[in-house]
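Residue numbers (my numbering), protein chains in the order written: chain V, 1 to 469; chain U, 470 to 758.
Everything labelled a hint here was simulated from the structure, so no lab data went into it. Quick reminder that beta carbons are idealized off the backbone N, C-alpha and C, glycines included. There could be a bad hint or two in this list.
Restraint-style ranges between C-beta atoms, simulated for each label pair [to be verified]:
hint	chain 1	residue 1	chain 2	residue 2	range
1	U	Arg574	V	Asp90	30 to 40 angstroms
2	U	Leu596	V	Glu122	51 to 61 angstroms
3	U	Gly616	V	Ala82	20 to 30 angstroms
4	V	Asp90	U	Ala611	19 to 29 angstroms
5	V	Pro16	U	Ala734	34 to 44 angstroms
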Amino acid sequence: MAVDPFGLLRDLAETPERLARTLIGQPRIRLAVTGLTRAGKTVFLTALVANLLAAGRGRRTLPLLEQAAGGRLRSVRLVPSATEALPRFDVEAHLAALAADPPAWPGRTDDLSTLELQLELERSGSLGGLLGGLLGRRTVTLELLDYPGEWLLDLPMLDQDYAAWSAEALRRLRRAEASAAARAFLDWVEALPSGAPADESLARRGHGLFRDALRECRDRLGFRFLQPGRVLNPGPRGETPVLWFFPLLQPGGRGLAGLMAERHAAYIGAQRAEFFEPFFRRFDRQVVLVDVLGALHAGQAAFEDTAEALSAIAGALRHGGSWFDWLTGAGIARIAFAATKADHVPARQRDALSALLGHLVAGPQGRASEAGVPTTVHALASLRCTQDDVAVLDGRPVAAVRGLLLENGRSAKVYPGEIPLRPPEPGFWEHGFFEMPEFQPPRLDAAGGSGVPHIGLDALLAALIGDLL
Amino acid sequence: MSDAPKGPRVILEEPAPRLDFQWEQAVVPVAAPAPRARWSGIGRAAAGAAVLGLGLAVLDAVNFVVDQFGRGPVQGWATLGVVAIGFGLVAGGGWRELRSLGALRAVDRARAAFARQDLEVARAEALRWAAGVAEAASLQPALRQAGSTEELRALLEGGPLRLLDAEAAGLGRVAAVQAFSITAISPSPGLDALVFAWRGVRLVRQVAALHGLRPGFAGTLALVRRTLLDAATVAATDVAVDAAARALLSNKLLEQFAGEAAAGAVAARRMLRLARVAAEACRIVPPRA
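So here's chain U without its partners, still in its complex pose:
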């Protein structure tokens, strides 16, 4: 290029639209290809059993209704009514389960919107949530006015979520007292675990109801799974705290004093933490970074 033109030059052209490097598309994170969902052997077997059970039951019921109409119209209509009510209740239960799972998905959608600072989606989800939660209903006009996801978050965290956290902590204290009492009077460790699990699930459902989730069976399972996952993130801290407590209580005399009361206290503390983690899992805003 030694014989290139030496001085700089400007060559003017016609007006043109603004340059667009398609930057927004270029920086979208490339997600790893999702593995194809494959059913496990047990999953297939369970699905087959469900199809057989439900399908054959429906076929049987239809045949039975037809047979009953053969016997007489009164028997036929009565049988049809019983079958319709029975299957209607089953379908209603299924629909409710789906709705409770849908409510959990909505929480996920809202959290994702907050995380990527998508104001429109976050606001829509926040308004939908606020409409169903008494503590948040009065906040709707301010939520509509919010100009950023940070503002939305501040409104939610400063108002209804703080109240709900306090209520969840109250529920946790009640559950903790019950867990402590049951552990103290329980005749066997096995029964302890059973009662603790039942009370824990009930606590998670109560906290979820505070946040307007009202989970059914499947929703409760999903919520407990999510709560346990969240709880796992603080497991390392818990291990360290437990180790420190054990080190303090390793003195023989203290052990004597501590005894069952210490086990009860641990159960109560876990119940308190469960309430906090469950509340975290139900919040429509992600935890602060």
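In isolation and in its complexed conformation, chain V is listed as follows:
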């Protein structure tokens, strides 16, 4: 993101509070859960909250995190609402929907919601015991945010003017796989005269075609790097005129191009003020969720598109490392990359899934490492829905997973194919597009008193926040 002098001043002003909180053992940590659309952010947050609350009640839901905490975790509670203007992340409703009969996965997130968790821990050591008598137990407050994944893709837009964005957006739409889906828009925009007037009907028409092209790319081709995010997911207010812009071949000048540039600038300003500055300007820990399997099954173009999107997002975030970041305590202290839906592959292929993710995020990981930020890569199923099984294919037994299909309740064995350890060779893509079926969640306690079954959530949290406990 571009350097905002007022933001830097705010960072400086917050520094004494952060230092004081850290000194007395009451740190407040903003955990950024970043992920492209349908990566599983909402389910991840639901599982994280449910399992941490259960761990606070003594349930062994997150053994590796408890181990990292040295058995000192005493309680976990939801911080009561104060005067927040944002909706509260509704863990109870999500859990109830997952546990219901028939169950339902959380729908597409279309607005921001927040939640704070407070972890209470015994102080360690004899000095800690004495301090505990004086200052009470340590508390670590985790700030969590859920948001539409589509909006995250606007992050790289913040540093681009309309002309640069237009060129990039058209380049991506003209790629072989996308061009068919975007043909109607591309034909229309290429036929547009260079001095087209700022006419409302032209602007609405162009926006409609552009929006349809983006939707087609997202829903049919599995593409993720689609901008602007609010065109695909406008949020609770619905479509507003500021969204009615699209890329042009000749983005300079007055008339329609001028109107588009104006709306583009207004959109960037609104996204910066309403979404990125308040929530993404500074955070302390980051988890990056990636549906590697979905991208792999959606084909080579979708896979490469996902890698490009991740790289663009990572390039736009502050990792810290500069002298000013050091001075203000800003920047990310740890990053965990997670390949979600790891329960869709049998146990013996999960290492391959995380290895593949490692290759996919090699760029962002390298940039973070250069800034001195420790990173880890995980295979994760926030809510485990399958169990390992063996399927017989072409007369040979292969490792598979078995679960209940969401649509009809039938049991199904799924062989997800061989997961390559690194970005696959061209021959790999011959099997074509495959849509992984949606599985039913397992039987759950609607109250979430014992958390939810998962794979690898404890390892991820231990790597991400274990040092704070």
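Since the structure of chain V is provided, determine the placement of chain U on it from the hints.
Just chain U now, with coordinates in the frame of chain V:
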């Protein structure tokens, strides 16, 4: 696996019940095996003495009643009546002690239910408690409607427990004034300690009665033990505060002025804190995290 089928496949089967990983059972905390309760030597000796004392007394009494009937029916019936009344009172006292211990166990059950967010048990315990405490009686309909342990807690803490805390603080102030006065006029430090202990125990019993516990001797012992344990958790703070007070009073002139009044003030402050800690120990909801 290089010759494994390349593409993903889905093999459909028949409808089946939802997967169940038995997660609730899998995450139940594994408690360390409880050490087998063994009686200490003193415990065995005391139990033996009690059995001998009570058993022989019963046998003696029975023999005596039989002997008295040998002397005549009037003597026999009169002796039987005396023995029955005597042993009846002893049994009644024992039953009352057991009940007071049972009331303390109920507090523990309620606290555990709140801690594990077991709504049904917490609500039942809260209703049972509210039925026996005048300040909480009017709250019963709202307690029945509560949809979560947090709601129950908010109802209890916002209403009766706040009133009871205020009443306990009032009892603590009365005890503090008495402790201050006694320390000021007491002729010896030994007597100070004795009076302070007696007043402290009485204060704990008064606070317990506010919370509907009405402890007997054994119940009072258990309650004092629990109160002292709770008090120990704030001991480190107390040490620091006392050290700071001593540092302030180390000036010779101030020492002269402070003198006995300072000792009395410390005793009074301890009594106030005892009231607060006793109230904490008697509450049916655990302290906030």
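Checked hints:
no. : hint                                       : result
1   : Arg574(U) to Asp90(V): 30 to 40 angstroms  : holds, 38 angstroms
2   : Leu596(U) to Glu122(V): 51 to 61 angstroms : violated, 34 angstroms
3   : Gly616(U) to Ala82(V): 20 to 30 angstroms  : holds, 22 angstroms
4   : Asp90(V) to Ala611(U): 19 to 29 angstroms  : holds, 25 angstroms
5   : Pro16(V) to Ala734(U): 34 to 44 angstroms  : holds, 37 angstroms
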